[in-house]
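Dock chain B against the given chain A, drawing on the hints supplied.
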Amino acid sequence: MINVVSAEKQAVLASDNKIQFGFWVYIMTDCVLFASLFASYAVLRNNTFGGPSGAELFSLPNVLTETLLLLTSSFTCGLAMLAAHHKLKRSTLMWFGLTFILGVGFLALELTEFRHLVMDGNSWRRSGFLSSFFTLVGTHGLHITAGLLWMAVLMFKVLRNGVTHNLTRKLTLLSLFWHFLDIVWIFIFTIVYLLGAA
Amino acid sequence: MLLNLIGNGKHKQANVNTYITGFILSIILTMAAFLSIEYHWLDRTSAIALIIVLALVQLVVQLLFFLHLGQEGNPRWNLMIFGFMLGIVSILVFGSLWIMHNLNYNHDHRTPDQTNSFIIKDEGIRK
Numbered sequence: 000m001i002n003v004v005s006a007e008k009q010a011v012l013a014s015d016n017k018i019q020f021g022f023w024v025y026i027m028t029d030c031v032l033f034a035s036l037f038a039s040y041a042v043l044r045n046n047t048f049g050g051p052s053g054a055e056l057f058s059l060p061n062v063l064t065e066t067l068l069l070l071t072s073s074f075t076c077g078l079a080m081l082a083a084h085h086k087l088k089r090s091t092l093m094w095f096g097l098t099f100i101l102g103v104g105f106l107a108l109e110l111t112e113f114r115h116l117v118m119d120g121n122s123w124r125r126s127g128f129l130s131s132f133f134t135l136v137g138t139h140g141l142h143i144t145a146g147l148l149w150m151a152v153l154m155f156k157v158l159r160n161g162v163t164h165n166l167t168r169k170l171t172l173l174s175l176f177w178h179f180l181d182i183v184w185i186f187i188f189t190i191v192y193l194l195g196a197a
Numbered sequence: 000m001l002l003n004l005i006g007n008g009k010h011k012q013a014n015v016n017t018y019i020t021g022f023i024l025s026i027i028l029t030m031a032a033f034l035s036i037e038y039h040w041l042d043r044t045s046a047i048a049l050i051i052v053l054a055l056v057q058l059v060v061q062l063l064f065f066l067h068l069g070q071e072g073n074p075r076w077n078l079m080i081f082g083f084m085l086g087i088v089s090i091l092v093f094g095s096l097w098i099m100h101n102l103n104y105n106h107d108h109r110t111p112d113q114t115n116s117f118i119i120k121d122e123g124i125r126k
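Top line first, the protein sequences correspond to chains A and B. When we follow numbering that gives the first Met the number 0, the leftmost residue of the first sequence carries the number 0, and every step to the right adds one. When we follow numbering that gives the first Met the number 0, the leftmost residue of the second sequence carries the number 0, and every step to the right adds one.
FYI, nobody ran anything at the bench for these hints, they're computed from the structure. Treat the hints with care, as some may be off.
[Unchecked claim] Negatives, chain A to chain B, calculated, CB over 10 Å:
(1) 120
(2) 136
(3) 142
(4) 154
[What the hints assert, rightly or not] Chain B side only, calculated, beta carbon under 7 Å to chain A, not exhaustive:
(5) 22
(6) 25
(7) 27
(8) 41
(9) 46
(10) 50
(11) 76
(12) 79
(13) 91
(14) 99
(15) 114
(16) 121
(17) 124
Don't be surprised by glycine CBs; every beta carbon is placed ideally from N, CA and C.
Same shape as in the complex, but just chain A (with noise of 0.2 Å):
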């Protein structure tokens, strides 16, 4: 059979594929990144110099909360990028634009969470485990925000200038950043929260 991909269309594809992978191995350093501030989280759990500990501090109904609006914001993804490689404009923007609520919707949780306990004196200098605490999940919140940003962003361009080729894929690079932040939250509400709690 002929091949019906022009040589010039391979080539951007291939190039593709290398953006695309040059994206995963920097998602790969960051579990990197994550996986050390875990450790620290590790050792440091139970110094609490006298002050709260997890158990005291954590509201697993709100932590529930923010779990599930994080788990739909990756599953409406997921469906955005379904509808972007269709082209379909409306579509993407919709999905996103869902992604992007149930985003600050976690992001208002987690800030609220975080303002109450530094109103009660829990801040990252009361103990051992608030500072890593705070690192740790703050700088996961940290990312959400980034890739809030970003989204709002492409979603933007998109709007501009409909689903082209190269917005697709800037998508998908946003997409697997989602998914990804996803995945780290569920060892954050395991190893803090629930761990915290059990």
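Coordinates of chain B only, in the frame set by chain A:
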């Protein structure tokens, strides 16, 4: 209508069903973990083992159904570097825990003399 919104999910590894299945499985695994802790289904040690297993299963579910890891054609570079990362992370986490455990054993709020006596007693060293 869902299909109209996102296009017909035909063959390809990534289709509607992949995401729906992954989503439902993740919800089940998440709820199981939360409920088991909230309602104290098990004793502490078993509960911890359960939630860790549930987390690892959900990791695999999300890697397969959301990230489609391992479903690329050969050479499977993504999978390989993922494996490499797991190796590095294992060394990092296990190594940190091992070192800190040793430090705790060797120090733990004791003076050097107290540490000396403690180790002698703990390890059964006799002159």
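Against the structure, the hints come out as follows:
1. 120: About 25 Å separates residue 120 (chain A) from the closest Cβ of chain B, which puts it past 10 Å; holds.
2. 136: 16 Å, holds
3. 142: Holds, since 16 Å exceeds 10 Å.
4. 154: Non-interface label on residue 154 (chain A) holds, nearest chain B Cβ at 16 Å vs cutoff 10 Å.
5. 22: Hint on residue 22 (chain B): holds, closest Cβ of chain A at ~4 Å, below 7 Å.
6. 25: 6 Å, holds
7. 27: Cβ of residue 27 (chain B) sits 11 Å from chain A, so the hint is violated.
8. 41: Given a least distance of 9 Å, the restraint on residue 41 (chain B) is violated.
9. 46: 5 Å, holds
10. 50: Status holds, d = 5 Å.
11. 76: 6 Å, holds
12. 79: Violated: closest Cβ of chain A sits about 10 Å from residue 79 (chain B), beyond 7 Å.
13. 91: 5 Å, holds
14. 99: 5 Å, holds
15. 114: Hint on residue 114 (chain B): violated, closest Cβ of chain A at ~19 Å, above 7 Å.
16. 121: Since the shortest Cβ distance to chain A is 21 Å, the answer is violated.
17. 124: 28 Å, violated
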